[in-house]
Amino acid sequence: MKLNERSVAHYALSNSPADHTGFLRTWGGPGTPSTHSGTGRRCWFVLKGNLLFSFESREGRAPLGLVVLEGCTVELAEAPVPEEFAFAVRFDAPGVRPYLLAADGPAAQEAWVKALSRASFGYMRLVVRELESQLRDARQSLALHRHSSMKVVTSRKPHAADHLPWGLENGHRLSRDRSPTGLVEEGGSRLAGRGLAECELQGPASLLGRGQSPVSPETSCFSTLHDWYGQEILELRRGWLQRTQESQPECEKQDRP
Amino acid sequence: MRYNEKELQALSRQPAELAAELGMRAPKKGSVVKRRLVKLVVNFLFYFRTDEAEPVGALLLEHCRVTQEEPTSFSISFVEDPERKYHFECCSEEQCQQWMGALRGASYEFMRRSLIFYRNEIQKMTGKDPLEQFGISEEARFQLSGLKA
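Each protein sequence line maps, in turn, to chains A and B. full-length UniProt numbering applies: residue 1 is where the first sequence begins, and numbers increase by one. full-length UniProt numbering applies: residue 1 is where the second sequence begins, and numbers increase by one.
Just chain B, same shape as in the assembly (with noise of 0.2 Å):
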């Protein structure tokens, strides 16, 4: 699959909604705990080594599971491979919930899903497609037929 790494580090640049510096640990076997600057840019967590300006990599957070480790850690993995994890040691337990709670909604999927339950409740509540003023009702993003049950 093919794309443009200048692409992804110019979105690298943007400003993070969270970001901070946390040991991080590759799914590779043996693979040790390094100090990485960890950035969560919409949809992507980009990880930098503490001394350079380009991200080492990049993770895209859909169908991911963020799950707590210890006290002060969590890993994230992705629905292909479970057992696969990236491990993130933060510094202390409110810094790790503050960045689990940051990962979990950070996702498209979960923006769309958030988005078509408030649709719904705004029409249960007052009659009204809240989305037929913005001339957006029929887009194919916004659709509860789209999303599978």
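The following block holds chain A by itself, in its conformation from the complex (with noise of 0.2 Å):
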């Protein structure tokens, strides 16, 4: 099967963030000649977001290996050396067998293990699609905070996600009274269970995916971010003519003696 490896490579050496780096040991690990024993190798390690990288060393210019962290857990385990802080990176799919790499400490073993169990696409889309319902709330209650502190009876509440670019673009709304402990729950499973990977990738279109929010590399452009700063206003204006409509009848009648 072939791979754009060429982008690969040069991704993994383009100055974009790094989640995490470090030297780990592996044994039969990505780009290392299969020793299944003894003290393996030293290996330097990068992975962003759902990449992981080895090189062979921290200036490595091409990268030895790549795994792809999508559908896998990640998992204390023994080493063969005994004093090395392991894990391993088991993938639930036929004649993949596990990575087993070695830390340094106790402290790094924990940070790497927890940097890999977050890395999916997965993980990364499901706080997107928390913080975007949150995001989406907070300019409806501030909305809503708004016309009741003017004191306004408005009969259409104006909802907030009518007015976001990426509104109801692909038919899909985050449920309102999803509470936002669901993340922390999705989240937590998310690391002990294998094949959770898998319902997210289930789940419905991102909203985000059709290239809507302002921050899309190809929206750079004055009119986008213009309108995405301008729902604010617009929110004003409504609540403003919708005074004005209400208090009109009252002005015309005192106007008239």
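There may be inaccurate statements among the hints.
Unchecked claim - DEER-style ranges, computed between Cβ atoms:
{"id": "1", "chain 1": "B", "residue 1": "79", "chain 2": "A", "residue 2": "23", "range": "27 to 33 Å"}
{"id": "2", "chain 1": "A", "residue 1": "107", "chain 2": "B", "residue 2": "70", "range": "53 to 59 Å"}
{"id": "3", "chain 1": "B", "residue 1": "83", "chain 2": "A", "residue 2": "13", "range": "18 to 24 Å"}
Hint data in this document are derived by calculation from the structure and do not stem from the laboratory. Where is the CB? At the ideal position from N, CA and C, for every residue including glycine.
Could you fit the two chains together into a complex? Lean on the hints.
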């Protein structure tokens, strides 16, 4: 199977942020000869998003190996060498052997296990969706708060989601009663249970996945940003118009003796 | 660079964000348009011969550019060699737009940017860090400082 390896290697070395880096010992891991005993081999590892790259050294200019951290679980494990702090990346797929890795100390081990178990695209997407819905709620409650503080009763509550750029673009709306703790539960069980990544992948297409966010690389244009930041103004204006409409009849009465 | 093909094959069997039979032309000179089943799974685009179960290849969609070429066709290129383009031909303008939108939102780096944007917006509006309640506010992947300006 082909892979755009040059682009992948370029991405590995690019200045986009690394999520975790450090030396790990590996036994038959990515890019290393298969020696499942002995001291293994010490390599420099770089975690970027859902990709784990290994390098000969910190200065290595070409990745030795790549592990795609999807559909896997990370567990503590026994290393062939007792003093090592080992862990294994296991794949729920036939014929994919687990990668055995070991850190220098317990703190490094914990940090790696944590970072690797949260590396999947699904996890990132879950957090993004949660924040999407939180921002929507925050906008809505802010709008409502302003309306109520002006003592205006609106017959139709403006729905914040109607004004967000991603709106109902693809017909999906996050359920409104979704408790914020849902994230913790889902995120927590992800760490423990294998196969959960699959569930996440089966979820509805991301609201974001349509390139409608103002931070899309394509939308650095002013009009998008203007629309985005103008939503608050539109809210205010809508409230103001409603108030004027409601108060108009009274004004007319007063004006006419 | 070594990677386990079986690992990628397993990923290619996962449910897709988007999948369709499209015309595809590789960047190699003189290559022709072939019918391929194209499947978007997380930040990988897999392509299959229409009668085979295992993919012919995969494209990691980080640092890529999606460009409309004609009303019904688009291309994917990567920053290190923008002239090297993978061409895709769709059946309709609508399908073309749908694919371009999905591909542009499919990178991990795009997700990360979106997350930081939302985090900042929420913090500005409510004065609270939305990630704090989940105990993940310290995570490297959610930090603004991690992003180069």
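Do the hints match the structure? See the list:
Checked against the given bound of 27 to 33 Å, the beta carbons of residue 79 of chain B and residue 23 of chain A, roughly 29 Å apart, stay inside it. At roughly 55 Å, the beta carbons of residue 107 of chain A and residue 70 of chain B sit within the given window of 53 to 59 Å. Distance hint for residue 83 of chain B and residue 13 of chain A: a CB-CB separation of about 20 Å, consistent with the stated range 18 to 24 Å.
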